[in-house]
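**Q** The lines below spell out each chain.
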Amino acid sequence: MDSIKKIISRYKKDRTRLLDILKEAQAAEGKISDQAIEAVAAALQISRAEVEGVISFYHFFSDRPTGKYVIYLNNSVTSGMAGREKVARALEKEANCRFGQTSPDGLITLFETSCIGMNDQEPAAIINGVIFTSLNEEKVKKIAGQMRKNIDVQEMIEEYGDGANRHDLVRAMVKNHIRKEGPVIFGDYQTGLGLNQALKLAPEGVINEIKKANLMGRGGAGFPTGLKWELCRKEKSSEHYVVCNADEGEPGTFKDRVLLTERPEMVFEGMVIAGYAVGAKLGILYLRHEYTYLKRYLKYILENMRQNGFLGKKIAGQNFDFEIEIKSGAGAYVCGEESALIESAEGKRGDPRDRPPFPVQNGYLGSPTTVNNVETLATATQIFTHGSAWFRAMGTSVSAGTKLLSVSGDCDRPGIYEVEWGLTLKELLSLVGAEETLAVQVGGASGQCLSEAGFGRKLCYSDLATGGSVIIFNKTRDIFSIVRNFLDFFIEESCGWCTPCRAGNVLIKNKFEKIASGLGTASDLAEIEAWGKLIKATSRCGLGQTSPNPVLTTLTNFREIYEKKINKEADFRSEFDLARSVEQACQVTGRKFEEEREDA
Amino acid sequence: MSSKPVIATASLAGCFGCHMSFLDIDERLLELIELVEFDKSPIDDLKKFTRPVDIGLIEGGCCNAENVEVLRSFRKNCRILISLGECAVMGGLPAMRNTISLKDCLEEAYLNSPTVAPEDRVIPNDEDLPLLLDRVYPCHEVVKIDYFLPGCPPSADLIWEALTALVQNRPMKLDYQLIKYD
Amino acid sequence: MPEKLKFSIDGREGLADQGMTIYEAARVIGVYIPVLCHYEGLKPVGSCRICSILVNGRWLASCTQPLSEGMVIENNTPQVIEYRRAIIEMLLAEGNHFCPACEKSGNCELQALAYRYGIMVPRFPYQFPQRQIEAYPGFLLDHNRCVQCQRCVRAIQTEDGQKIFAMKNRSKDVRVNVDRKLAAKLSPDQIQKAMDICPVGAILKKEVGFLRPIGQRKYDRQPIGSEIEGKK
Ligand SMILES: Cc1cc2nc3c(=O)[nH]c(=O)nc-3n(C[C@H](O)[C@H](O)[C@H](O)COP(=O)(O)O)c2cc1C
Ligand code: SF4
Ligand code: SF4
Ligand code: SF4
Ligand code: FES
Ligand code: FES
Numbered sequence: 001m002d003s004i005k006k007i008i009s010r011y012k013k014d015r016t017r018l019l020d021i022l023k024e025a026q027a028a029e030g031k032i033s034d035q036a037i038e039a040v041a042a043a044l045q046i047s048r049a050e051v052e053g054v055i056s057f058y059h060f061f062s063d064r065p066t067g068k069y070v071i072y073l074n075n076s077v078t079s080g081m082a083g084r085e086k087v088a089r090a091l092e093k094e095a096n097c098r099f100g101q102t103s104p105d106g107l108i109t110l111f112e113t114s115c116i117g118m119n120d121q122e123p124a125a126i127i128n129g130v131i132f133t134s135l136n137e138e139k140v141k142k143i144a145g146q147m148r149k150n151i152d153v154q155e156m157i158e159e160y161g162d163g164a165n166r167h168d169l170v171r172a173m174v175k176n177h178i179r180k181e182g183p184v185i186f187g188d189y190q191t192g193l194g195l196n197q198a199l200k201l202a203p204e205g206v207i208n209e210i211k212k213a214n215l216m217g218r219g220g221a222g223f224p225t226g227l228k229w230e231l232c233r234k235e236k237s238s239e240h241y242v243v244c245n246a247d248e249g250e251p252g253t254f255k256d257r258v259l260l261t262e263r264p265e266m267v268f269e270g271m272v273i274a275g276y277a278v279g280a281k282l283g284i285l286y287l288r289h290e291y292t293y294l295k296r297y298l299k300y301i302l303e304n305m306r307q308n309g310f311l312g313k314k315i316a317g318q319n320f321d322f323e324i325e326i327k328s329g330a331g332a333y334v335c336g337e338e339s340a341l342i343e344s345a346e347g348k349r350g351d352p353r354d355r356p357p358f359p360v361q362n363g364y365l366g367s368p369t370t371v372n373n374v375e376t377l378a379t380a381t382q383i384f385t386h387g388s389a390w391f392r393a394m395g396t397s398v399s400a401g402t403k404l405l406s407v408s409g410d411c412d413r414p415g416i417y418e419v420e421w422g423l424t425l426k427e428l429l430s431l432v433g434a435e436e437t438l439a440v441q442v443g444g445a446s447g448q449c450l451s452e453a454g455f456g457r458k459l460c461y462s463d464l465a466t467g468g469s470v471i472i473f474n475k476t477r478d479i480f481s482i483v484r485n486f487l488d489f490f491i492e493e494s495c496g497w498c499t500p501c502r503a504g505n506v507l508i509k510n511k512f513e514k515i516a517s518g519l520g521t522a523s524d525l526a527e528i529e530a531w532g533k534l535i536k537a538t539s540r541c542g543l544g545q546t547s548p549n550p551v552l553t554t555l556t557n558f559r560e561i562y563e564k565k566i567n568k569e570a571d572f573r574s575e576f577d578l579a580r581s582v583e584q585a586c587q588v589t590g591r592k593f594e595e596e597r598e599d600a
Numbered sequence: 001m002s003s004k005p006v007i008a009t010a011s012l013a014g015c016f017g018c019h020m021s022f023l024d025i026d027e028r029l030l031e032l033i034e035l036v037e038f039d040k041s042p043i044d045d046l047k048k049f050t051r052p053v054d055i056g057l058i059e060g061g062c063c064n065a066e067n068v069e070v071l072r073s074f075r076k077n078c079r080i081l082i083s084l085g086e087c088a089v090m091g092g093l094p095a096m097r098n099t100i101s102l103k104d105c106l107e108e109a110y111l112n113s114p115t116v117a118p119e120d121r122v123i124p125n126d127e128d129l130p131l132l133l134d135r136v137y138p139c140h141e142v143v144k145i146d147y148f149l150p151g152c153p154p155s156a157d158l159i160w161e162a163l164t165a166l167v168q169n170r171p172m173k174l175d176y177q178l179i180k181y182d
Numbered sequence: 001m002p003e004k005l006k007f008s009i010d011g012r013e014g015l016a017d018q019g020m021t022i023y024e025a026a027r028v029i030g031v032y033i034p035v036l037c038h039y040e041g042l043k044p045v046g047s048c049r050i051c052s053i054l055v056n057g058r059w060l061a062s063c064t065q066p067l068s069e070g071m072v073i074e075n076n077t078p079q080v081i082e083y084r085r086a087i088i089e090m091l092l093a094e095g096n097h098f099c100p101a102c103e104k105s106g107n108c109e110l111q112a113l114a115y116r117y118g119i120m121v122p123r124f125p126y127q128f129p130q131r132q133i134e135a136y137p138g139f140l141l142d143h144n145r146c147v148q149c150q151r152c153v154r155a156i157q158t159e160d161g162q163k164i165f166a167m168k169n170r171s172k173d174v175r176v177n178v179d180r181k182l183a184a185k186l187s188p189d190q191i192q193k194a195m196d197i198c199p200v201g202a203i204l205k206k207e208v209g210f211l212r213p214i215g216q217r218k219y220d221r222q223p224i225g226s227e228i229e230g231k232k
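Protein chains in written order, with the working numbering: chain A, 1 to 600; chain B, 1 to 182; chain C, 1 to 232.
A few of these clues could be false.
[Unchecked claim] Part of the chain B face toward chain C, derived, beta carbon under 10 Å: (1) 83; (2) 89; (3) 118; (4) 138; (5) 145; (6) 150; (7) 174; (8) 179; (9) 181; (10) 182.
Please keep in mind that the hints were generated in silico from the structure rather than gathered at the bench. Using N, Cα and C, we set each Cβ at its ideal position, and we do this for glycine too.
Given the sequences, and given the hints that come with them, work out the whole structure.
**A** The following block contains the structure:
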């Protein structure tokens with residue numbers, strides 16, 4: 001076991017590097033072997049049980065052997081709309097195995113995974129770390145053929161995407177699909193200008209400027225960024241940290257991916273500014289595993305910034321040192337939750353923490369930490385490039401500035417839109433070329449499903465607050481399939497720590513299926529609604545607190561669909577089916593079953 | 001003719017323990033007889049419903065097709081239906097087989113178990129035997145159940161309190177010591 | 001002297017030390033807020049959510065939430081009781097709880113909570129999940145009854161802080177994962193401690209059991225929480 005020892009010592013037996021160590025071990029052996037687990041546990045002085053706990057938490061770890069090519073096909077709702085089912089069947093046929101298995105010849109392993117942030121170019125998959133977009137049956141056939149010839153995955157890409165996706169260090173077929181460039185993120189920008197402005201101020205002045213700009217978090221929760229920095233700064237501690245949340249796991253969002261591809265300096269610059277403001281020397285970019293293909297490029301950008309004096313020692317000639325490290329997850333939506341993210345960055349399971357204490361008090365390695373979304377940090381940079389007054393003049397009185405929207409689903413122009421806050425959904429729909437729209441999912445699976453009655457609503461913090469995921473469904477779509485996809489997503493992604501989310505989401509799903517199958521009654525509707533409220537109220541973190549939204553918001557906005565499914569007269573209907581229940585017995589005994597007709 | 005409430009009882013996938021507990025109300029049985037009349041029940045050995053029933057008591061869950069038929073006939077004939085005991089309420093000990101496939105259960109019991117004599121190795125397959133269900137179902141998964149009396153068996157006091165409350169049309173008074181799952 | 005904080009629970013007023021959780025503060029004034037995952041002396045983890053209470057329309061877990069000045073807490077109101085019952089019922093439906101065949105019956109905190117809240121049957125369909133029973137030297141781990149409270153994870157560790165019990169998997173598949181090597185070194189006392197600390201019948205010491213006859217078990221006569229409500 002020489003290689004595993006080398007890996008461990010390369011990471012200096014650092015517990016916070018456990019995920020990196022495991023990733024390399026897996027890359028070396030095609031799985032995380034028993035011996036590797038043993039060696040890692042011994043070296044880091046943690047129990048085997050704990051290492052196994054970490055491995056089993058993340059999608060992209062496997063302690064079972066995998067094939068030479070490991071395919072992760074994502075199962076987002078937009079992927080389903082773009083023909084995922086056919087692609088999946090084609091993959092199974094080519095590999096001659098089911099999902100979760102490895103082909104008999106050991107060549108290909110098939111896995112499903114949650115949304116990978118490619119909703120505008122579905123169906124998409126990750127094969128040995130390389131992204132494949134817009135798959136169809138033909139492409140699957142072709143790719144499988146190449147695999148049989150042992151061709152390297154990177155060589156299978158026929159055409160690179162646009163912008164930095166073509167960069168030598170990226171070489172991805174991913175497309176940016178930037179459809180509308182706004183004045184902030186895609187406006188005038190020159191690396192270092194904002195930073196220089198910021199460093200002219202005292203840290204308190206920087207915080208003040210952000211407050212004046214009225215910047216609020218772009219990750220979804222909308223917490224005022226200036227206040228967060230202030231709270232973090234005020235905490236007494238020898239260390240403070242800045243974390244950039246690039247976990248982007250909310251189904252339907254991919255704007256952080258595009259930002260990191262096209263404006264990485266702006267993001268990193270924002271981290272430096274945040275570091276200066278809160279008194280941190282280290283920033284961590286927590287990059288979701290699915291975006292690993294950007295890592296080398298991002299490191300190169302960091303090195304460039306270092307060379308140019310925007311990072312490292314004595315930044316911009318001032319007495320301020322700041323470094324940025326990239327850490328990666330290993331596939332878990334819940335790690336986007338800031339305290340879970342911190343746990344994961346410390347090399348543990350991505351279980352959220354109890355709050356209080358909040359990360360600004362007790363974050364990374366127990367020190368005050370500000371966690372900010374990629375877009376929030378990029379926006380902060382531009383506030384210093386152009387001034388808070390300039391920023392404030394855009395958007396609405398409550399919601400200043402612009403927002404990146406990730407638009408996918410049924411429309412002519414899916415992709416990235418930078419719009420001023422205050423746009424109505426109706427205006428957005430016409431901008432993106434959506435027709436015959438039945439529903440719009442705003443804010444991803446955890447957001448709301450709106451019907452036409454809600455299309456007049458405004459995108460802003462005081463009405464439709466959102467991290468930017470917009471999924472459009474036209475009138476040929478089935479609301480129940482959409483809800484089902486989202487419910488499955490939450491069941492898959494719950495960390496399982498607390499009862500309402502762990503147990504409750506399964507119970508809600510079962511009840512939903514009862515209703516969907518036509519066996520529901522009015523009391524089933526009342527129950528699913530009550531259970532949803534219970535889970536929202538009592539769950540421990542934001543995941544559970546939003547997980548019933550797919551049901552609850554469609555119950556509000558598409559009630560008639562549910563009403564049509566239920567039997568209004570019956571006060572009780574059972575899912576029990578006698579004929580089905582005796583099937584096994586008939587098989588074992590070879591007998592036939594004839595149900596006695598119930599006399600009326 | 002009769003103005004007294006009518007009671008019926010049945011044992012499905014149970015052990016008759018709940019019926020025994022029912023009889024454990026002891027001398028109060030005499031009082032009960034004053035209050036109610038029995039229809040279909042092992043207690044009076046009536047095999048068929050003879051009239052509309054007010055209160056049906058079900059012991060045991062459903063483990064075979066016959067249980068389901070009996071339970072459904074109770075639902076049809078009883079105004080109020082009660083799940084009596086853990087087995088009726090949640091499947092009880094018979095439901096410990098619910099996490100094992102029926103085939104494996106039968107093979108273990110009749111073919112592979114060390115206590116089966118080699119010449120007896122056969123899965124019972126008589127046409128007269130009711131077909132087994134894939135698992136044991138709590139009664140309320142099959143029909144609507146109005147009241148639940150847990151316990152294995154439920155105490156005589158609980159049964160007494162429930163019946164007298166229903167007969168007297170008052171709410172049940174469920175003291176702490178009445179509710180037990182064992 | 002640290003300043004005391006004023007608070008009230010269901011109209012009853014009290015004072016408690018700063019730094020206390022809501023659960024602890026309630027205890028001080030003889031008010032029982034039910035807990036399952038919480039255990040005196042262990043760092044609370046807020047996993048069961050049975051201790052949920054309402055403050056100003058906000059739901060909080062009282063075992064993890066620090067008390068703050070002037071809190072007006074709802075504990076025994078119909079809505080709180082309703083949600084609490086539902087969570088207990090979720091746990092009963094989620095695992096395989098065949099109480100009549102369980103050694104912990106009568107001493108089990110989950111069962112006792114269900115008794116206290118008068119639960120006759122869970123509103124949720126029984127899931128009958130497939131779960132394992134694992135044997136270790138000196139004890140058994142019956143996953144059918146585990147409620148993922150993490151008491152064992154927190155309480156039973158090696159001297160240098162290694163986890164003998166850790167959590168594995170996620171979502172509905174979360175399980176306690178025992179480190180076989182470390183578990184083999186547990187002393188009989190430690191095993192006894194693990195069994196005692198487990199609120200349900202998931203950790204069972206081998207070769208003992210059903211020690212106390214029915215009628216004399218912990219919760220046969222007195223509802224769980226009486227010991228707190230007794231000392232007002
Ligand atoms: C389940 C869950 C997932 C989340 N995922 C993300 C994410 O991928 N990216 C993100 O920026 N914030 C995410 N958040 C919100 C973060 O917890 C946190 O609020 C945010 O990173 C703060 O940054 P901001 O104030 O700049 O928006 C998530 C929250 C929850 C509850
Ligand atoms: S709400 Fe869900 S994701 Fe959050 S802590 Fe509870 S189980 Fe984990
Ligand atoms: S652990 Fe408690 S609730 Fe579960 S079976 Fe045992 S006694 Fe019953
Ligand atoms: S084994 Fe017992 S103590 Fe450990 S998590 Fe399960 S229920 Fe809790
Ligand atoms: S027979 Fe009465 S509880 Fe099982
Ligand atoms: S006791 Fe508070 S969450 Fe379990």
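**Q** If a hint holds in the structure, say so; if it doesn't, say that too.
**A** Going through the hints against the structure:
1. 83: 7 Å, holds
2. 89: 5 Å, holds
3. 118: 30 Å, violated
4. 138: 6 Å, holds
5. 145: Cβ of residue 145 (chain B) sits 8 Å from chain C, so the hint holds.
6. 150: 6 Å, holds
7. 174: Interface hint status for residue 174 (chain B): holds (6 Å vs cutoff 10 Å).
8. 179: For residue 179 (chain B), the interface hint holds, since the closest Cβ of chain C sits about 5 Å away, which is under 10 Å.
9. 181: 4 Å, holds
10. 182: 4 Å, holds
Consistency note: the structure conflicts with earlier hint 3 alone.
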